[in-house]
Structures are given as C-alpha cells and as structure tokens.
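**Q** Sequence:
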Amino acid sequence: MEMIHKIGRRKTAVARVYVTEGSGNITINKRDLSNYFPTATLQYKVKQPFALTSNEDNFDVKVNVYGGGITGQAEAVRLALSRALCEMDAENRLVLKPEGLLTRDPRMVERKKFGQKKARKKFQFSKR
1 MEMIHKIGRR
11 KTAVARVYVT
21 EGSGNITINK
31 RDLSNYFPTA
41 TLQYKVKQPF
51 ALTSNEDNFD
61 VKVNVYGGGI
71 TGQAEAVRLA
81 LSRALCEMDA
91 ENRLVLKPEG
101 LLTRDPRMVE
111 RKKFGQKKAR
121 KKFQFSKR
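All the letters of the sequence shown, read from the start, carry residue numbers 1 to 128 under the working numbering.
In case anyone wonders, no lab produced these hints; they're calculated from the structure.
Each hint should be verified, as a subset may be incorrect.
Straight-line C-alpha distance at most 30 Å; calculated DSBU-like pairs for lysine-lysine [said to hold, decoys possible]:
id	residue 1	residue 2
1	K11	K122
2	K45	K6
3	K62	K6
4	K11	K117
Quick caveat, the model's predicted, so the values are computed rather than measured.
Hey, can you work out the whole structure from these sequences and the hints?
**A** This is how it looks when you write it as structure tokens:
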C-alpha cells in the first residue's frame, strides 16, 4: 500500500494527513498524539475513525495541522482520517457515514460588522 494523503478542515483549522501501513503510531506536527492533544476527549476524537472501523494498530499516521484551536484541529484531523479510511476500503464508508464523520462542519465565526460592537451585538443606545 502506498501513502494516502487527505485534507480535513474545521472552522479555520486545516489538517493534512498521510496514512501508511504500520503499527498505529500517530504523529502530529512532529509530536506524539498524547503530547499534542493532552486531554482524553481530543485523543478519542482523533482515534474515533480507527475505533469504528477496528483498525487501531494497522496504520501509521503523520499529520500536519495548523490554524484554529485545539478542538477544531482535532476535528479536522478526524475528518481527514475518515476520508483516508474510505479511500482504502469502500466498506468503511458504511460505518463512518452514519456517525457523521464524513461531513464537513460548515460553521464558521461570523464576521464583525461595521458600526457594531461584535458580529451581532450593537453599541448601547442611551436616550438622555
């Protein structure tokens, strides 16, 4: 099997994932998974596509991720891994699609408008 390259995005985070056959090592920005994502919740999000398709220790993953916060980055990595697993085996799509792991979440931060305090909040109006 050759290297598979896929991209995942969430908010402003972009993850580029390179998947090869191996022993289950996940490296993110040249750091170990548990070092880059310290909380168990974020580690679970990254490993979720492998757990659902029962491929936990079959592939080595190298990830370059930038932009956004750590939650957005973890979800971008999850989307990219799900896409890579679908390219390897079409059967994986039947497992990942109902869980919503192949859907790109389109929600972004709304821009701040001119003449307002924030995106929707207005300046206080006082009548004296």
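**Q** Now tell me, hint by hint, if it's right for this structure.
**A** Tested hints:
no., hint, result
1, K11 - K122, "holds (24 Å)"
2, K45 - K6, "holds (17 Å)"
3, K62 - K6, "holds (11 Å)"
4, K11 - K117, "holds (22 Å)"
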